[in-house]
Amino acid sequence: MVENDTLALKTNNVYVHYGSKMAINNVAVDFHKNQVTSLIGPSGCGKSTFLRCLNRMNDVIDICKVQGEFHLNGIDIYGPEIQVENLRKQVGMVFQKPNPFPKTIYENVAYGPKIHGIASTKTELDDIVKDTLNRAGLYSEVKDRLDDIATGLSGGQQQRLCIARAIAIKPEIILMDEPCSALDPIATAVIEELINELKENYTIVIVTHSMQQAARISDKTAYFHLGEMIEFGVTSNIFTNPKHEMTEAYISGRIG
Amino acid sequence: MVYVSLLLVFLLSYFFYFIGKKRALNLTIQQKQTLTALPDYYGYYTVIIILIPAILIWFFLLIFKSNFQEIFVMSPLLFPDIEMWSASKTGLIMNKVTNLSHVVNLPEIDLSVGDKSILKMASESELIAAKNLAGFDKIYGWANITLFIILPVLLGFIATRMISTKLNAQPIVERVISYVIKGSSYIAILITFGIFFSLIFEAINFFRYVNFIDFFFNTSWNPNRAFVINATEGFDQEALKDAFGFVPLLTGTILIATVAMIVAIPLGLLTAIYLAEYASTRVRNIAKPIIEILAGIPTVVYGFFAALSLAPFIKDVGESVGLPVSAESALAAGLAMGVMIIPFVSSLSDDVIKAVPNSLRDGAYALGATKSETIKKVVLPAALAGIMGSFLLAISRAIGETMIVVMAASLRANLTFNPLEPATTITTQIVTSLIGDVEFDNPKTLVAFALGLTLFIMTLILNVAAILIVKKYREKYD
Amino acid sequence: MTDLSKRLAAEKRFKYIAMFAMCLSLFFVVILMLKIFTTGSGAFIRTTIEASVYFDPNTIEVTNESSIKAIKKTSYVNLADQIVKDNHPNLNDEKFILVREMYTRKFDFQLRDYIANDPNIIGKTILMDITASSDLDQIVKGNYPRDVPEAQRKINDYQLSVLDSLDADGKISSTFNLWFFTNGDSRDPETAGILGALMGSFYALLICFSFAFPVGLLASIYLEEFVRPGKLTDFIEVNINNLAAVPSIVYGLLGLGMLIGVFGMPYQVPLVGGLVLGFMTLPTIIIASRASLRSVPPSIREAALAVGATKTQTVFHHVIPLSLPGSLTGTIIGMAQALGETAPLLMVGMVAFVMDIPGGALDPATGLPSQIYLWSESAERGFLEKTSAGIMLLLGFLITMNTIAVIIRRKLEVKW
Chain A
1 MVENDTLALK TNNVYVHYGS KMAINNVAVD FHKNQVTSLI GPSGCGKSTF
51 LRCLNRMNDV IDICKVQGEF HLNGIDIYGP EIQVENLRKQ VGMVFQKPNP
101 FPKTIYENVA YGPKIHGIAS TKTELDDIVK DTLNRAGLYS EVKDRLDDIA
151 TGLSGGQQQR LCIARAIAIK PEIILMDEPC SALDPIATAV IEELINELKE
201 NYTIVIVTHS MQQAARISDK TAYFHLGEMI EFGVTSNIFT NPKHEMTEAY
251 ISGRIG
Chain S
1 MVYVSLLLVF LLSYFFYFIG KKRALNLTIQ QKQTLTALPD YYGYYTVIII
51 LIPAILIWFF LLIFKSNFQE IFVMSPLLFP DIEMWSASKT GLIMNKVTNL
101 SHVVNLPEID LSVGDKSILK MASESELIAA KNLAGFDKIY GWANITLFII
151 LPVLLGFIAT RMISTKLNAQ PIVERVISYV IKGSSYIAIL ITFGIFFSLI
201 FEAINFFRYV NFIDFFFNTS WNPNRAFVIN ATEGFDQEAL KDAFGFVPLL
251 TGTILIATVA MIVAIPLGLL TAIYLAEYAS TRVRNIAKPI IEILAGIPTV
301 VYGFFAALSL APFIKDVGES VGLPVSAESA LAAGLAMGVM IIPFVSSLSD
351 DVIKAVPNSL RDGAYALGAT KSETIKKVVL PAALAGIMGS FLLAISRAIG
401 ETMIVVMAAS LRANLTFNPL EPATTITTQI VTSLIGDVEF DNPKTLVAFA
451 LGLTLFIMTL ILNVAAILIV KKYREKYD
Chain Z
1 MTDLSKRLAA EKRFKYIAMF AMCLSLFFVV ILMLKIFTTG SGAFIRTTIE
51 ASVYFDPNTI EVTNESSIKA IKKTSYVNLA DQIVKDNHPN LNDEKFILVR
101 EMYTRKFDFQ LRDYIANDPN IIGKTILMDI TASSDLDQIV KGNYPRDVPE
151 AQRKINDYQL SVLDSLDADG KISSTFNLWF FTNGDSRDPE TAGILGALMG
201 SFYALLICFS FAFPVGLLAS IYLEEFVRPG KLTDFIEVNI NNLAAVPSIV
251 YGLLGLGMLI GVFGMPYQVP LVGGLVLGFM TLPTIIIASR ASLRSVPPSI
301 REAALAVGAT KTQTVFHHVI PLSLPGSLTG TIIGMAQALG ETAPLLMVGM
351 VAFVMDIPGG ALDPATGLPS QIYLWSESAE RGFLEKTSAG IMLLLGFLIT
401 MNTIAVIIRR KLEVKW
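Residue numbers (UniProt numbering), protein chains in the order written: chain A, 1 to 256; chain S, 1 to 478; chain Z, 1 to 416.
Hints in this document: simulated from the structure, not taken from any laboratory.
Just to be clear, a hint being listed does not mean it is correct.
Derived lysine-lysine pairs resembling DSS-like cross-links, with alpha carbons at most 30 angstroms apart [stated by the list, open to error]:
#1 S:K371 x A:K122
#2 S:K89 x S:K138
#3 Z:K6 x S:K371
#4 S:K288 x A:K65
#5 Z:K15 x A:K103
#6 A:K170 x Z:K6
#7 S:K138 x A:K103
#8 Z:K69 x S:K138
#9 A:K143 x S:K376
#10 Z:K311 x S:K166
Residues from chain S shown here face chain Z by an in silico Cβ test under 7 angstroms; the list is partial [stated by the list, open to error]:
#11 E174
#12 S185
#13 I195
#14 Y278
#15 T459
These numbers come from a predicted model, not from an experiment.
Backbone N, C-alpha and C define an ideal beta-carbon position, used for all residues, glycine too.
Bound conformation, chain A alone (with noise of 0.2 angstroms):
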């Protein structure tokens, strides 16, 4: 388990504010390439707030101030030149609750590589949908009723609609919020299995309230607790030799 850690992306005094509210407060987390990194902590902490800054979706809400350094490959995705679309392109995000389009389970993939131009013509676009499915663990599901509606789909087998629909653009980084929380723990194991198979070609923030999940599946994890990171490293020194008491507290079910 020896990692090649190279750095994908790197946060430094983060700080989130909603309107007077202050939601984070001074974290600082390294990714690092193909490798899984959980964020655990109570309800409330900060975790999803976090992740969404990692592909700046907070700039939708109005009163929400982010400040820090946010390092993609060495470039700050806050900087006044950076096109937000382009950054989420590069950075994928899985919701917390399946949420597929209202259209075909074709359309839905298709949806990304058309806005971003990615594919020239029918044929390759074509491609492009049956490649990404199968990465997704989908294709052999559906592959007979691609143009029937996405919601007519299991909430397993749409959540890994959702996964295929944000690495059909082939972005280097995929944010998962909570991604197994709606679903029955079938579903939850099919899709921590195909965790596993996309690391080695992506890189995983996953935002987790489940510790064992964050210990089954992730390679670093970080502790959050009440808008600050109380401790980060590789997930099976958090969970055996957790270096900060508060860590302790939560991994032993002191709080919760």
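For chain A, the structure is supplied; the task is to place chains S and Z on it using the hints.
Coordinates of chains S and Z only, in the frame set by chain A:
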């Protein structure tokens, strides 16, 4: 007078409420037994016994008062040839006699110049009839009041006699209440049936004069040609055929509605998009109510400005570029109508767009889509059902609009698709056919009902279609 | 990244087009309001001519002993003519007619009211501001151009010269036109007022409310609280939604065909007009009341039932009072819409020239919007500002009613 008696009924029943309640309470004390229901209910019981018969009778008398007057006054003794009179002539004479009856008994000194001339122009029988009517009205007024004092009191006493400890007033009262509220909801159905029947009834009468096919497929609309040849032959059938051709009305309605939609749909939809997706809360809170003012402005105002400012303006502009524009162009009416409809489209679309869940937008943004791409490719398709529904409702509104076209469009039928020419609509013709003499035995009047029936069915189809489309799309995407 | 810059350019274009559409819509509102205000404000002013008025006892048929009734019924046309002659001496017949035309035709009514107020004025002389005719009024207000050839003018050169000399003597003034609010309709624009139409609409709305509010409230109670869902209730609901979208002119035809044709109710009266408006407003009230009833949480109902109240008691003691603000709001808004409807009034005849102020719902009357329609159809220029002023009044009422509805909603509605 009439309202005084209604007031008396309510006052008396209010009074008897307490009497009924008191009696119930007294019974418990006297007979040392408990009541089966709360004392209140005995009060309400009394009120019901009084009110229901009394109000029914009051309404009956109100509605048929003029019929009673007519029966009393218009006797063949005074007006020998009354059997031969048409319904409208009877009505006219009745009106005249009614007006006379207000002044015929006044002393000379109290008469105004106008009053004196009315009296001078009346015939002998009309004056007698007027005096009779004045006498009738006086007696009627007092009889009314007496009736509505005696009746409630009588009913009140009967009710209180019926109160006993064995009487459980509560279920009775509650049952009556449930009938009343049930009946109220049936009134809604009654109204629909009322509309349907009154339209169909008179429309059928109309179709006795003019053939169904001739009406719906003829292209010449010229009601003035529907005249009577003579008393025995009735109407000139040939002329009738050419007088009531529906087609130019239909094309006119569609033409003006189309112009209106061309204005309202883009402006309304884009406004809705801007307000729902781009505008800050502050802008939205100011702009939305202002635009809704457009919906609150009565249509007569739009008609006024269409006729006064818009039509001449368009005419001038047209003439300055060498196009022949009528002073009553369909364009003027259509533009005014379009402005009126903007808030319909924008309000409904705005609600629908806002109802699209944010998770869908997030999904699109996370893929790196721009705002307009998200709107065009994700939000609008998801909201499509509601938006289509709002379009259909707007079209229905445009077709049924009356005042703007009466005031700004033409009264002459004209089969054209050129908006610079004048055109008339279904609603305009309904209005014009009822101006002047309203005679229920003349096709000129009856055609209004045939047109009304057609209009009702057209808008009904559009409204039902709107609801169905919304339902179908919602099923698909939920 | 030319692809992206194209997309961003498209984004900007789209945003600006949408913003432009919204601004255009706002712009329409603004123009409409401006136009109304500028044309209508003139109606609140009328031009007067100062004249010396001698109440000649020889020309007046009554004395200061006569009853008020007698005074009001007498004609003062001769007195009016004489006063004009006194103020413009030495005119031949033709010129006299021209000058008399400069004063309002109804000048004798002004005299009548003066005498009725103070019978002892007979025999005395006072200075009075007499209302000018509409044509003169329009010239003074500048609505008629003075510099066109005489044949195109309503006021000829001679009359203009008289006007100018009166003006030079300081006898022309403008005063607030209270008559607009206190008079009924008239053939002459300068004396036309809106009171008759106002009362007509008032009675009609009164009838409308008396019918539609109780029936609507009770019906919505039934549909929301007591009904078992089934085919019949579905049918009722579909009906109500349809009725809400039926064009107003169809309701007018219903009034004509059923109320007037079958029931024989009188033509042209607010009772029938009000009933038709009531039919029209009923679906709106039902829909608003239902929404209001639905917003009361089930926990309230459960609490009432748990202490042993019957269904009826629960509804009438607990649910209805909580939903009343919402129902009232919807009703007021519905009535505001009804106030502005013209088509139904046209159908039942509430649109003819009625001079007298109606005293009840059974007197012939016009309504506010149909009066506006009538005035707008008139050829006389003076009616133009009256029409706009009528519109201003109508809009004023609408804004007031809607504001009241919003205030009721804000203040009384309980947020769950």
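Results for each hint:
1. For a cut-off of 30 angstroms, the pair hint linking K371 of chain S to K122 of chain A stands: about 25 angstroms separates their Cα positions.
2. A threshold of 30 angstroms between alpha carbons decides the hint, and for K89 of chain S with K138 of chain S the separation of about 26 angstroms falls inside it, so the pair holds.
3. For the proposed pair K6 of chain Z and K371 of chain S, the alpha carbon gap of about 14 angstroms is at most 30 angstroms, so the pair holds.
4. Between K288 of chain S and K65 of chain A the alpha-carbon distance is near 28 angstroms, which keeps this suggested pair within the 30 angstroms criterion.
5. Under the criterion of a C-alpha separation no larger than 30 angstroms, the hint pairing K15 of chain Z with K103 of chain A is consistent with the structure, at around 25 angstroms.
6. Taking the CA atoms of K170 of chain A and K6 of chain Z, the gap is near 21 angstroms; set against the 30 angstroms cutoff, the hint holds.
7. Of the supplied pair hints, the one linking K138 of chain S and K103 of chain A is violated, its CA atoms being roughly 76 angstroms apart against a limit of 30 angstroms.
8. Taken as a hint, the K69 of chain Z and K138 of chain S pair is honoured in the structure, with Cα atoms around 22 angstroms apart against an allowance of 30 angstroms.
9. Distance check on the hinted pair: K143 of chain A and K376 of chain S sit about 28 angstroms apart at the alpha-carbon level, within 30 angstroms; holds.
10. In summary, the hint linking K311 of chain Z to K166 of chain S is supported, as the alpha carbons are separated by about 23 angstroms, within the 30 angstroms threshold.
11. Hint status for E174 of chain S relative to chain Z: holds, with the closest Cβ pair at about 5 angstroms, below 7 angstroms.
12. The beta carbon of S185 of chain S comes within 4 angstroms of a beta carbon in chain Z, closer than 7 angstroms, and the hint placing it at the interface holds.
13. A cut of 7 angstroms between beta carbons decides the hint on I195 of chain S: the least distance to chain Z is about 5 angstroms, and the hint holds.
14. Because the beta carbon of Y278 of chain S sits about 6 angstroms from the nearest beta carbon in chain Z, less than 7 angstroms, this interface hint is met.
15. With a least beta-carbon distance of about 6 angstroms to chain Z, the hint placing T459 of chain S at the interface is held under the 7 angstroms criterion.
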